[in-house]
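Enquirer: Start from chain A and add chain B according to the hints.
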Amino acid sequence: MNDRHMQEKIIRAAKFAMNDAALFLDTHPYDIKALEYFKKYQKITADATAEYTAKFGPITMDALPQSAKSWTWIDGPWPWEKEAN
Amino acid sequence: MWAYEKKLQYPVKISNPNPAMAKVIITQLGGPDGELGASLRYLSQRYSMPYDAVKGILTDVATEELGHMEMISAIVYQLTRGISIDEIKKSGFDSYFVDHTTGIYTIAASGVPFDANAFASKGDPITDLTEDLAAEQKARTTYDNILRLADDPDVLDPIKFLREREIVHFQRFGEALRLVQDQLDSKNFYAFNPAFDK
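Quick mapping for you: the protein sequence lines, in order, are chains A and B. For the first sequence, this note's numbering assigns the number 5 to the initial residue and increments by one for each residue that follows. For the second sequence, this note's numbering assigns the number -11 to the initial residue and increments by one for each residue that follows.
Looking at chain A on its own, in the form it has when it is part of the complex (with noise of 0.2 Å):
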């Protein structure tokens, strides 16, 4: 496993949890301990997104550095690929 792969396993097991979480909290909106379950992941989630996007590029096109000298949102391997996963 590459670095780009291990990166991406950290944002997708936080991004995951995120998602599972907000499935709960959407019929338990006051559900203190499940919000800040939320949270923790919420926060593990940008940093690693940060650190992703700094070294392989954007996930999502609002994550284009502003650095950026070309629209690398393009550039393959495509989630679909097996190349990527």
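Simulated from the structure, these hints should not be mistaken for lab results. Hints may be right or wrong, so weigh each one.
[Stated by the list, open to error] Simulated DEER-style distance windows between Cβ atoms:
(1) ALA88(A) / ALA8(B): 43 to 51 Å
(2) LEU(-4)(B) / LEU27(A): 22 to 30 Å
(3) GLN171(B) / GLY61(A): 21 to 29 Å
(4) ASP132(B) / HIS9(A): 43 to 51 Å
[As the list claims (entries may be wrong)] Below, simulated EDC-like cross-link-like pairs (lysine to aspartate or glutamate); rule was C-alpha separation at most 20 Å, straight line:
(5) LYS(-6)(B) / GLU55(A)
(6) LYS1(B) / ASP142(B)
(7) LYS86(A) / ASP40(B)
(8) LYS186(B) / GLU87(A)
(9) LYS148(B) / GLU58(B)
(10) LYS186(B) / GLU85(A)
(11) LYS43(A) / GLU87(A)
(12) LYS(-6)(B) / ASP24(A)
(13) LYS110(B) / ASP185(B)
(14) LYS73(A) / ASP40(B)
[Claimed, not checked] Pulled from the structure, derived: some chain B residues nowhere near chain A, Cβ distances all over 10 Å:
(15) ALA(-9)
(16) ASN4
(17) LEU54
(18) SER83
(19) PHE85
(20) THR90
(21) TYR93
(22) ALA96
(23) ASN105
(24) THR115
(25) ARG128
(26) ARG136
(27) LEU137
(28) LEU172
(29) ASN176
Note that the Cβ used here is the ideal one computed from N, Cα and C, for glycine as well.
Expert: Frame of chain A, contents of chain B only:
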């Protein structure tokens, strides 16, 4: 993976309900040239598309079309808020109401439910992009027809925005088709299918 943005791409704020107009406009959700078919068509075509720039345009237009589905649904929702049974009967909305009440259902104005035949995915970049160019023009014509049928400025405004986006998408797909052709044999673009033949 997708993330939801909790806002419309362009605002929809309709003061006067009009179920007859809702019944017409819903065709851009579930009709043959509607936003659902458009989004699914471009998302499906991405997998066999060999060129990064075109994967990009298909992904990004498809994502925008999901947002347009939401706008059309919002228009239909607002046009059918608080309507009485009398209005439903008089407007001809009764044929939709009996099956779906005022829920949003993907259906053409003619009453045909969404048909997956409307989203073509052929596995050939030239074929698929030519399909997409036609699709954007067909959607533009549908919006032109809606603009002929509607007279409420609250409805005309977001419909005009959506019509304009069809034209922009047509331009971008035209460029995508040119990008694909630039990488093929100019004497015979059809000598092989870059999505299949190696």
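Enquirer: So if I understand the rule, the pair passes when the alpha-carbon distance is 20 Å or less; does LYS1(B) with ASP142(B) pass?
Expert: Judged against 20 Å, a Cα distance of about 6 Å means the pair holds.
Enquirer: Taking the closest pair, is the beta carbon of LEU54(B) still more than 10 Å from chain A?
Expert: holds, 15 Å
Enquirer: Cβ-Cβ distance between LEU(-4)(B) and LEU27(A): within 22 to 30 Å?
Expert: Since the Cβ atoms of LEU(-4)(B) and LEU27(A) sit about 23 Å apart, the hinted range of 22 to 30 Å holds.
Enquirer: Checking the smallest CB distance to chain A, is THR90(B) really beyond 10 Å?
Expert: holds, 23 Å
Enquirer: Does the Cβ distance between ASP132(B) and HIS9(A) fall inside 43 to 51 Å?
Expert: Since the Cβ atoms of ASP132(B) and HIS9(A) sit about 49 Å apart, the hinted range of 43 to 51 Å holds.
Enquirer: Could you let me know if the closest chain A CB is still more than 10 Å away from the CB of ALA(-9)(B)?
Expert: violated, 7 Å
Enquirer: Is the Cα-Cα distance between LYS86(A) and ASP40(B) 20 Å or less?
Expert: Distance of about 15 Å is within 20 Å: holds.
Enquirer: Quick one: work out the minimum CB distance from THR115(B) to chain A and report holds if it exceeds 10 Å, violated otherwise.
Expert: holds, 20 Å
Enquirer: Given the hinted pair LYS43(A) and GLU87(A), is their Cα-Cα distance within 20 Å?
Expert: The given pair, whose Cα atoms are some 31 Å apart, is violated under the 20 Å limit.
Enquirer: Grab the minimum beta-carbon distance between SER83(B) and chain A and tell me whether it stays above 10 Å.
Expert: holds, 34 Å
Enquirer: Sort out whether GLU85(A) lies within 20 Å of LYS186(B), counting only the CA atoms.
Expert: Answer holds: LYS186(B) to GLU85(A) is near 17 Å, not above 20 Å.
Enquirer: Just want to verify: PHE85(B) was marked as not at the interface with chain A; is every Cβ pair farther apart than 10 Å?
Expert: The claim holds: PHE85(B) sits with its nearest Cβ about 29 Å from chain A, beyond 10 Å.
The structure fails to meet hints 5, 11, 15 from the earlier list, while all remaining hints are met.
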